[in-house]
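**Q** Its first residue numbered 1, the sequence shown is counted upward by one per residue in the UniProt record's numbering.
Rather than coming from a laboratory, the hints here were simulated on the basis of the structure. Fair warning: this is a prediction, and the values are worked out from it, not measured in the lab. From the three backbone atoms N, C-alpha and C, an ideal C-beta is built for every residue, glycine too.
Using 30 Å as the maximum straight-line C-alpha spacing, the simulated DSS-like pairs for lysine-lysine come out as follows:
1) 33 x 14
2) 32 x 3
3) 111 x 95
Distance windows between CB atoms, simulated:
4) 100 x 63: 48 to 58 Å
5) 68 x 48: 28 to 38 Å
6) 110 x 132: 26 to 36 Å
7) 41 x 61: 24 to 34 Å
8) 29 x 65: 51 to 61 Å
9) 102 x 124: 30 to 40 Å
10) 84 x 61: 26 to 36 Å
11) 2 x 57: 49 to 59 Å
12) 68 x 47: 22 to 32 Å
13) 16 x 48: 43 to 53 Å
14) 17 x 47: 42 to 52 Å
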Amino acid sequence: MEKFNYEPNGYNRKEVNQFISDVIDQTSGIVKKYTEQKEKIHQQEAEISKLREEVEHYHRIESNLKDTIIRAEHTADHIKYLAEQDSDIIVKDAKNSASRIVNEALIKAEKIDNQTDIANKNLKIFKRKLKILLEQQAAIIDEIEDIEILD
Numbered sequence: 001m002e003k004f005n006y007e008p009n010g011y012n013r014k015e016v017n018q019f020i021s022d023v024i025d026q027t028s029g030i031v032k033k034y035t036e037q038k039e040k041i042h043q044q045e046a047e048i049s050k051l052r053e054e055v056e057h058y059h060r061i062e063s064n065l066k067d068t069i070i071r072a073e074h075t076a077d078h079i080k081y082l083a084e085q086d087s088d089i090i091v092k093d094a095k096n097s098a099s100r101i102v103n104e105a106l107i108k109a110e111k112i113d114n115q116t117d118i119a120n121k122n123l124k125i126f127k128r129k130l131k132i133l134l135e136q137q138a139a140i141i142d143e144i145e146d147i148e149i150l151d
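Can you build the whole structure from these sequences, using the hints too?
**A** Structure representation (structure tokens):
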């Protein structure tokens with residue numbers, strides 16, 4: 001606490017005025033520092049608010065990206081599942097077609113074997129008949145020769 005000298009009508013005016021001036025200066029300095037600090041706090045709060053908004057924005061982006069990745073994974077799994085089903089169907093159809101083709105080929109081969117057997121039998125019959133016919137013709141020729149010789 002400040003002590004002032006006494007003068008005839010109270011305290012020394014110069015000292016009191018100087019003290020008041022010092023208090024005003026100090027108070028002004030404190031008020032100025034307070035105002036500066038308050039402004040600084042206000043700026044920092046604004047910066048914090050801006051950074052929070054940016055963080056929230058990036059969190060939303062991250063959340064959207066996660067959702068997109070999850071949807072992409074589900075879509076990929078579904079496509080893979082459908083592709084596996086399609087491949088199973090294609091393989092099954094191919095096996096059925098192959099089996100049908102093999103069966104048709106076996107039936108055709110059996111028909112060809114039967115036709116070949118029939119053709120071979122017919123050929124044997126034809127050869128026998130032709131041989132008999134030729135023998136008969138040869139016999140007729142021999143008879144004709146014998147008749148000519150007798151004449």
